Amino acid sequence: MSDVTTSTPGAEAATGTNVVLEVEHLSKDFPVRGGMWGRTKGAVHAVDDVSLTITRGETLGVVGESGSGKTTLGRMIVRAVEPTAGTVRIRGEGGTLTDITAADPAELKRARRNFHMIFQDPYSSLNPRMTVEEIVAEPLANNLGLRGAELRRRVIETLELVGLGERHLSRYPHAFSGGQRQRVGIARSLACRPNLIVCDEAVSALDVSIQAQILNLLKDLQRELDLSYLFITHDLGVVEHLAHRVAVMYVGQVVELSPTDDLFSTPLHPYSEALLSASPVPDEERTRPTIVLKGEVANPASPPSGCYFHPRCPYAQPVCSTDEPRLREITPGRWAACHFAGELGLTGPVVPAQTSPAPHVATPARATSA
Amino acid sequence: MTLLDLKNLRTYFFVDEGVVKAVDGVDLTIGERETVGVIGESGCGKSTMAHSLLRLIQEPGDIVDGTAWVRLKDGSRQDLFALEPGSEELRAIRGNEVSMVFQEPMASFSPVHTIGSQIAEVLQEHTELDDDEVAARVVDLMRRVGISDPERRVDQYPHEFSGGMRQRAMIALALACGPALLIADEPTTALDVTIQAQILQLLRDLQAEEHMSVLYITHNLGVVAEHVDRVYVMYLGKVVESGPTKELFANPLHPYTRRLLQSVPKPGRRVERLESIEGSVPVPIGLAPQCGFASRCTQAIEGVCDATVPAMSRPDPHRDHEVRCFLYSDVTEDESEWSHV
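Chains as they are written, first to last, in this note's numbering: chain L, 1 to 370; chain A, 371 to 711.
Check the hints yourself; a few may be wrong.
Partial pick of chain L residues on the chain A-facing surface, computed with a CB cut under 10 Å [unchecked claim]:
| hint | residue |
| --- | --- |
| 1 | D207 |
| 2 | D220 |
| 3 | L221 |
| 4 | L225 |
| 5 | G237 |
| 6 | V238 |
| 7 | D261 |
| 8 | F264 |
| 9 | S265 |
| 10 | S279 |
| 11 | P282 |
| 12 | D283 |
| 13 | K294 |
With a straight-line cut-off of 25 Å between C-alpha atoms, the simulated SDA-like cross-links for lysine to any residue are [as the list claims (entries may be wrong)]:
| hint | chain 1 | residue 1 | chain 2 | residue 2 |
| --- | --- | --- | --- | --- |
| 14 | L | K294 | A | F531 |
| 15 | A | K377 | A | F531 |
| 16 | A | K616 | A | P637 |
| 17 | L | K294 | A | M476 |
| 18 | L | K219 | A | T668 |
| 19 | L | K294 | A | D510 |
| 20 | A | K443 | A | E429 |
| 21 | L | K109 | L | P139 |
| 22 | L | K41 | A | F531 |
| 23 | L | K219 | A | L631 |
| 24 | A | K616 | A | P687 |
| 25 | L | K41 | A | S532 |
| 26 | L | K219 | A | R425 |
| 27 | A | K616 | L | D235 |
| 28 | A | K636 | L | S204 |
To be clear about the criterion: a stretch of chain L counts as covered by chain A if any three or more of its residues have a C-beta under 8 Å from a C-beta of chain A, and this derived list gives those stretches [said to hold, decoys possible]:
| hint | stretch |
| --- | --- |
| 29 | 210-216 |
| 30 | 338-351 |
Since the hints were made in silico from the structure, they are not lab data.
None of the values given here were measured: they were computed from a predicted structure.
Virtual Cβ for every residue (Gly too), placed ideally from N, Cα, C.
Take these sequences, add in the hints, and give me the full structure.
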């Protein structure tokens, strides 16, 4: 473990065959145009050298604020956005990892059955002119080439997985409530039985009581189908409920990658601590004061020198404004990009179960206490 | 002392499909310097209630019943619903005595006027200050809400402000005339959590300095739990439970409130499965006179909850904690006057 900067965070927890998603040094620059002829003046580093892995049956939460690059990251993984640099490998048939970023159109089309995306807004992500049957059948026909009775059987089977059924086949999206519409969106993404589902704020537009239904459904499906989720959200409560590990993003970079319980009890990065502290808790008694950060999220087109977080960081030292910290492994399985990670004694909203140091989480399954 | 006393507010929308009873008999009081929260999910009527207070309801909506007595700065009392929409008296109250902060600050500002000129407009409307005094006060207001370099930023347009800064400008505009009551309708819903924390802190500080009352309208249970003194829970156009925040969160009485609180994932209280409320909120058109939650309630009593409307009751006479549920009282609400509408 001498050269920690070149290994992939999380990879040590996953032994080869179990890996479903492997992202290495993924970056996306968006050009900034200006001037009279729309010349490129510079670039926004929306995603800046992100590496991570997800194993079979695991949920990796990605949290961050607007502009942190979490949505762009998700879109590059399903290749809805072309990366500027880096690779994305997704597990396909026979357990082989296909490089999505280098795949030619035919390969990409074949690989597409293995991953899918669920979007935030169930109102705008479903075609209002298609029936539920057509919506769910489309990926099956396109990616698996199913037709006729076989196609219909698979559509019904998939709808039943999400709590809908044959009676909904001929209905249009507008006839459904928000929660049911999101179920249709989930059915569509499940139709080809992918290994990986990228959920981009999949429950953010829903009321809490409906959100709970969908979160329970996603958990059930994960158990039944051995699914892996990349769960992008700004809602830390949702992440704690669903994710096994969490990547915290700030201005295009992963600043911390930790098992969920460790992140919520002993965060390693000051931004993680502030983010956790700022999230209001619906409880009768709040014991910890809120850390109110000064300033706003840095502009990714002209980020500050050194650590991007240093202008807002309550623990910043002179070195933070000059040297950019690399993401490094602080304790086994826990990564942070902070010069002082592990030395600051940061605390999260959850009191650690034991006083002993956080155990090394070798498998994605987190301890679920009874 | 009571600042606002809202009684029996009914705001109905007369659409082709029938009458939508968006707000259907809401009572609510706000004391001086008190922070009150109204929580509820989409369609419960919380925003319609807030908009009704400022008479911002437009066709096909109408306030069909209710009174809203508010104590004015000069000590007199006025029923907001007795004033004509667009009248001089109403304009004198809006922005001056009662102000509102909206969810989407981009939609609340005119894009073609500078931020400074839009704040100045409120002062010109409601005060006797001359132009120089107005300009100085605008800069002062912007500084107080935490906008750095206000002398330069007064001349900028809304698109040049970030979301958090725009919401600060919106608060400056709302506070320009020192209102006694600030209504904040989802003030931080469009903002990131670290910015939300800044704005909530700012509102709390300003409230203490200005001695004003704040009415928060929000779906965010966490914001309510941490920032308000007393809370009202709305469901399907009615208040179903109200009480001091700590008491209500520690000891929720209404089955809806209980399930709602259990359906939010809470850090450190992880459960394998979240409680969810089956079904969805009914469309408030042509509803039978019954408890609005009866169709989704696991504790509904057949022949009671689906046959009559429960009234607000106080299970413990020593506590200011009220609930609209037949599990606690068999007193019914007389809705006969409104059930045929």
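For each hint, the structure was consulted:
{"no.": "1", "hint": "D207", "verdict": "4 Å, holds"}
{"no.": "2", "hint": "D220", "verdict": "9 Å, holds"}
{"no.": "3", "hint": "L221", "verdict": "13 Å, violated"}
{"no.": "4", "hint": "L225", "verdict": "17 Å, violated"}
{"no.": "5", "hint": "G237", "verdict": "4 Å, holds"}
{"no.": "6", "hint": "V238", "verdict": "6 Å, holds"}
{"no.": "7", "hint": "D261", "verdict": "9 Å, holds"}
{"no.": "8", "hint": "F264", "verdict": "5 Å, holds"}
{"no.": "9", "hint": "S265", "verdict": "8 Å, holds"}
{"no.": "10", "hint": "S279", "verdict": "5 Å, holds"}
{"no.": "11", "hint": "P282", "verdict": "4 Å, holds"}
{"no.": "12", "hint": "D283", "verdict": "6 Å, holds"}
{"no.": "13", "hint": "K294", "verdict": "8 Å, holds"}
{"no.": "14", "hint": "K294/L <-> F531/A", "verdict": "17 Å, holds"}
{"no.": "15", "hint": "K377/A <-> F531/A", "verdict": "39 Å, violated"}
{"no.": "16", "hint": "K616/A <-> P637/A", "verdict": "18 Å, holds"}
{"no.": "17", "hint": "K294/L <-> M476/A", "verdict": "22 Å, holds"}
{"no.": "18", "hint": "K219/L <-> T668/A", "verdict": "23 Å, holds"}
{"no.": "19", "hint": "K294/L <-> D510/A", "verdict": "20 Å, holds"}
{"no.": "20", "hint": "K443/A <-> E429/A", "verdict": "31 Å, violated"}
{"no.": "21", "hint": "K109/L <-> P139/L", "verdict": "11 Å, holds"}
{"no.": "22", "hint": "K41/L <-> F531/A", "verdict": "22 Å, holds"}
{"no.": "23", "hint": "K219/L <-> L631/A", "verdict": "20 Å, holds"}
{"no.": "24", "hint": "K616/A <-> P687/A", "verdict": "17 Å, holds"}
{"no.": "25", "hint": "K41/L <-> S532/A", "verdict": "22 Å, holds"}
{"no.": "26", "hint": "K219/L <-> R425/A", "verdict": "45 Å, violated"}
{"no.": "27", "hint": "K616/A <-> D235/L", "verdict": "23 Å, holds"}
{"no.": "28", "hint": "K636/A <-> S204/L", "verdict": "16 Å, holds"}
{"no.": "29", "hint": "210-216", "verdict": "holds (count 6)"}
{"no.": "30", "hint": "338-351", "verdict": "holds (count 4)"}
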